[in-house]
Every structure is written in structure tokens, then in C-alpha cells.
Amino acid sequence: MNIEFADVTVKKGDVTVLRDISIRLSERRIGVIGRNGSGKSTFARLFNGIEVPASGAVLLDGVPERKNLRRHVGFVFQNPDNQIVYPIVEEDLAFGLKNLKLPKAEIEERIGHAMRSLGLDHLRTRLTHQLSGGEKQMIALVGALVMHPRMIVFDEPTTLLDLWNKQKFMETINALPQHVVVVSHDLDLLRGFDRIVHIEAGRIVADGDPAKVLDNYIASSQC
Amino acid sequence: MLTDLYVFGDSALHRMHPGVKILVLISVCTLLFIFEGWTSLGLGAALVALCFALSGVRARHLVAALRPAFWILIAIFLVQVYLTNIHFASFIVARFAVLILAATVVTATTRTSEMVDGILAGLRFAPSWVPKNQIALGVSLCLRFIPLLLSVFNDVRQAQSARGLDRNLTALLVPFVLRTLKSADEVSEAIYARSFD
Amino acid sequence: MSDEPRTFLETRDVVFIALFAAILAALATFPPITLPLIGVPITAQTLGVMLAGGVIGAVRGGLSIVLFLLLVAIGLPLLAGGRGGFGVFLGPTGGFLIGWIVAAFAIGYMTERLWHRLSFLIAFGICIIGGVVLLYAIGVPWIAFTAKIPLSTALTGSLSFLPGDIIKALIAAAVIMTVKRSYPIIQPKTAR
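In order, the protein sequence lines correspond to chains A, B and C. At the far end of the first sequence sits residue 222, using numbering that gives the first Met the number 0, and the numbering has no gaps. At the far end of the second sequence sits residue 196, using numbering that gives the first Met the number 0, and the numbering has no gaps. At the far end of the third sequence sits residue 191, using numbering that gives the first Met the number 0, and the numbering has no gaps.
It is possible that some hints are incorrect.
Unchecked claim - Restraint-style ranges between C-beta atoms, simulated for each label pair:
(1) B:Arg178 <-> A:Leu126: 21 to 29 Å
(2) A:Asp161 <-> B:Trp128: 46 to 54 Å
(3) B:Asn132 <-> A:Ser21: 19 to 27 Å
(4) B:Asp154 <-> A:Asp60: 38 to 46 Å
As the list claims (entries may be wrong) - Here are the simulated EDC-like cross-link-like pairs (lysine to aspartate or glutamate), alpha carbons at most 20 Å apart as the crow flies:
(5) A:Lys100 <-> B:Asp196
(6) A:Lys10 <-> B:Asp184
(7) A:Lys103 <-> B:Asp184
(8) A:Lys100 <-> A:Asp120
(9) A:Lys66 <-> C:Glu9
(10) A:Lys100 <-> B:Asp116
(11) A:Lys97 <-> B:Asp154
(12) A:Lys66 <-> B:Glu185
(13) C:Lys179 <-> A:Asp13
To be clear, the hints were calculated from the coordinates, so they are not data collected in a lab. By construction, the Cβ of each residue, glycine as well, lies at the ideal position given by its N, Cα and C atoms.
Required output: the full structure, derived from the provided sequences and hints.
Below you can see the structure in the form of C-alpha cells.
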């Protein structure tokens, strides 16, 4: 699959957050880096249509429809508390599937399969607010996985996790068969990726081989 | 705090459909205002007593239900004694007691989740202009938000107490409201991302 | 999210409605402050009513109170002091609860109308008109009717809550003004 941004500009009120972004991405693991306020979170939100360009278009395999993006691209937010919308874990996991109007049996099957494959079956009937931070982030991921996306975008997924949960969550991401896009300040986590996009002040300033982009980024922060 | 006022049991009342219970409650209460007098009140009280006996709800639940209204009932009683007579004052207070206890029977024998399901099931029969999915989402989100907000509130309280501001309601509410408004916007994005329209 | 067909309420509106219903519930856990001399406990919940109108506006604010009261009615102990269930509507102060809906709507409506001229004083005035005058205008006759006491007596009894309500209106106005400056949610009804 490939995602193409064609001259995308995003505005928030009078402020231009992203300007004339044009890029074509087809790698399986893509990292996005940049300073706070650089526009990388907005960039991430374009992938599945949460954010709508003021001009330009986002195309998934050549199709420029926002609904199509949402259907095929999942999203995991920085703070799982803002992503979990139901009080009970399995109710929450069923939320997106009910929106797709899937039959009950398939909803049950998808949730069961995703939870078992990640070893989370014991959390199914728990209250979401009683989960630990690491467990919440995993449930947020399962909520995206059960929708059977072809690509999943993560917006700073490890910021709120401790070292152990961070490692575990990154291992989980790395084992995913889907295409992934990870926005992160944790550069070590992106070392093994296929491509890194560096965004500053609403523009792509570097893009390509991870080692080179990351090293330049680190160098630029030190002067 | 999210423990509901339900009392565990398996009586006929527990098994009765929540919608039926609510309809009976509303009719009984309306009748008590239309037919004002000791006879109707006596009948109402007998009905409530019968329900309590059937439901297996204990006396302490009755006391707990009446306690919050205790002082205002005393005040009303005193005003009525002063304005009219002790007979009428007793009637007014007794009627409040019967109304509150009648409602307690319903609350004590119906789980909150049953009520929520009842609302959502009732929505299925609602006319098409009723935004059913949005109502269902609103109810669930609210139940999800309550424990979340309490933890945000404690965070803010701790942060402000480090600055000696934890007794200042404005200094607690401003960051609390701003933080939760921003979270709400991200929640809206997440709901959109999960294909809800 | 602009390319969706516009319905009566958008997802974002539903989230704000649920949020303020939950804020109202969270405020119930705030320990009541008892004013010296008068001895009437002040709970923070009517503050939530003022905020609902002043922060998210008339329709959303009013609906958030409806949602909150619905959850109270089905038995959640969300009112201050852990009260809840159908009984609270049938008690003498039930009118104030119903009045919350009207109060939040009215405060929201006035805030939307006066948005561009909104100052701390105006916001305070709006909270007093909606959260005190209007609320009492519904709650007090209700007490009088259900408890069969003269209106004047019911009013005198309720006036002991007035000092607390004024304090709440001051706090609400401060919060409403800060939200207006830093994270406005309300879409004003009048042009600049």
C-alpha cells in the first residue's frame, strides 16, 4: 500500500500548521520526528482523516476519500485515557466494530482473537479506569487492531509509559504485520525503521535513511 | 463512588422490567397528589410496604434513603405546624416519606446497568429523528468520564497544593476545566477515528 | 471535521455534553463548605450548572444537565452527599434539580448573546440571573406547592443559600472568562 500527500496545507484558524507537504510513503515502518509544535502531530492526524487539509489531498493507493482513509488506517493516541470511551474493556473494543455494523458473532470473534494473540484475555471484563497505564495503551492498540486496518499511526505512544512498558509496547509495534507510522521523541525506538521523516515549522526538512536523518537531527539539537 | 444504590436480591420486583417499575412509580406518585388525603396516602404506604416486604430490602436501606431529606422535612414540618396544625404537618411530611420510599423501592431493585440497557433498548423503539447512537454514546462516555475526571482532579489538587493553592476553588477549577476540555477534543478525534458518525 | 453532513449535534458536542455531566458528578465529591454564622452547607454542584452554560453554551449545557439528571434518576448516587435515585425528584427540592436544566440553558444563551462584550462582571451577572434568580423562580414555588407552605416562607428559607450562590457565581465567572480567553468552545450568536 502507499499513501501520498499532494501539496497538503493545514490551517488552524489563521495559523498555517503544515505548508505544502508533498511526499509518497510505501515503507512498512515509518518514523516521524520533530520538535514540539513542529506540526508532526497534525501530520500524523492526516493519515486517517482526523485532520482535513485546507488545500491539497491525501491519497491512499490513489483514492483521495477521507472515509477510505479512516477505514484502512488506525490511530493510537498518546494518552489512552482519551481514546478509551467505554467503562468496560470489551464494551470499548466493540465500539468501533459496532460502528462498522458488523454482526455480533464477528465482533466477538475479532475481539477474542486480538486479545488472545496479545495475551490480554484476562483484561476483557475489567473496568477501563482500573487498568495500569501500560494495559490501557495495549487496550487502545487492540481497539485499533480489531478494525483490521492496513496501517496504524501512533502519536507519541510511549511518552506516558515507564521503561519496561515502553520496551514491551515497542516490541508489540515491531511485531505487527501492518504498516506502521510512529511519531516519537524516543529516537532509539526508531533506529530500526525503514524511513524517517523530519518535520520542522510545518515543513518536511529531512526524509530518508533512518541513521542519517536521526544523526542530523541529534546534531542540530546540540548547536 | 460509582457503586449504585442497588440492593442485591432475586425477588419478583428485582426481575420486573425496569420500564414497568418506573411507569408504576410515576402513576402512584401522581395519584397521591390528585387524591389528597390520608386514605390514598394509607393505600400508597401499604403498597410501598408490601413491595419492601417482597423485595427483601432492609430497614437500614430505608433509613439511608430518607436521611438526606431529614433536615428539610423537619423544617417543613415545623413551618406547617406554625402555619396550620400538627395534623396537616404530619400529612405533608408523611407524603414526602412515602414518595421517597416508593422511588427507593425502584432504585434498590434495579441495577444501574439494567436501567442503562433499558434506556438503550427503549431507544430502539424511539422515532427515527431521535439521535439514538449519540444518546447511547453520551451515556457511556459520561460513565467513563466520571472516574477519569476524579483522577484528573486529584492531579490538579496535588499540583496546586504544592503551590499552597489547594483550598482555592478557582485555582483548582481553572486548570481542571481547561485540561478536561482539551482531553474532550482528543476524545472526539478518537471517536471519529473509530468510525463513529 | 467539516465535510460531514451537519446534524443537530456533532460528535464533539456529544463529548462535551458527557464531559459536563461528568464534571457535575465529580463536583459532588467536593467537600461541602459550611459558611460561618449561617450554617448552610454549600455544595459545588450548582457551580457546575453555571459552568455548563457558560463554557459550552445553551443547548449543550442544558443537555449535559439532562444527561446528568437521567443518570441520577436511574440510581447513580451522583448528587452531593451520595444522593441519587428517583426519590430526589419527588422530594421537596426536586424543583431545583429540574431548574438546573433551565438555568444552564439560560446562562448559556446569555453568554452566547453577549460573547464579544463578555467581561468578568457581565459573566457574574449572567450567572446570578440564570443560576440564582431563575433557579429560585422554579425551585421555590415547587417547595411551596409540594410542602403546602406559602411562597414567601419558602423563599425566606431558601435565601440562606444566597451567600453561597453569590460566591459560586463569582468563581464560575472567573472560570468562564479564563476559558473564553484560552480555550473558547462557545460559538457566539451575534456578530462582532
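Taking the hints in turn, this is what the structure says about them:
1. B:Arg178 <-> A:Leu126: 21 to 29 Å: Given about 22 Å between the Cβ atoms, the range holds.
2. A:Asp161 <-> B:Trp128: 46 to 54 Å: Taking Cβ atoms as reference, Asp161 (chain A) and Trp128 (chain B) lie about 49 Å apart, which means the hint holds.
3. B:Asn132 <-> A:Ser21: 19 to 27 Å: The hinted range 19 to 27 Å is violated for Asn132 (chain B) and Ser21 (chain A), with Cβ atoms some 38 Å apart.
4. B:Asp154 <-> A:Asp60: 38 to 46 Å: Roughly 43 Å apart at Cβ, these two residues keep to the hinted range, so it holds.
5. A:Lys100 <-> B:Asp196: 12 Å, holds
6. A:Lys10 <-> B:Asp184: 17 Å, holds
7. A:Lys103 <-> B:Asp184: Violated: Lys103 (chain A) and Asp184 (chain B) sit about 30 Å apart, past 20 Å.
8. A:Lys100 <-> A:Asp120: Violated, at roughly 24 Å.
9. A:Lys66 <-> C:Glu9: 17 Å, holds
10. A:Lys100 <-> B:Asp116: Within the cut-off at roughly 19 Å; holds.
11. A:Lys97 <-> B:Asp154: 34 Å, violated
12. A:Lys66 <-> B:Glu185: Holds, at about 19 Å.
13. C:Lys179 <-> A:Asp13: 18 Å, holds
Violated hints, listed in ascending order, are 3, 7, 8, 11; each of the other numbered hints is respected by the structure.
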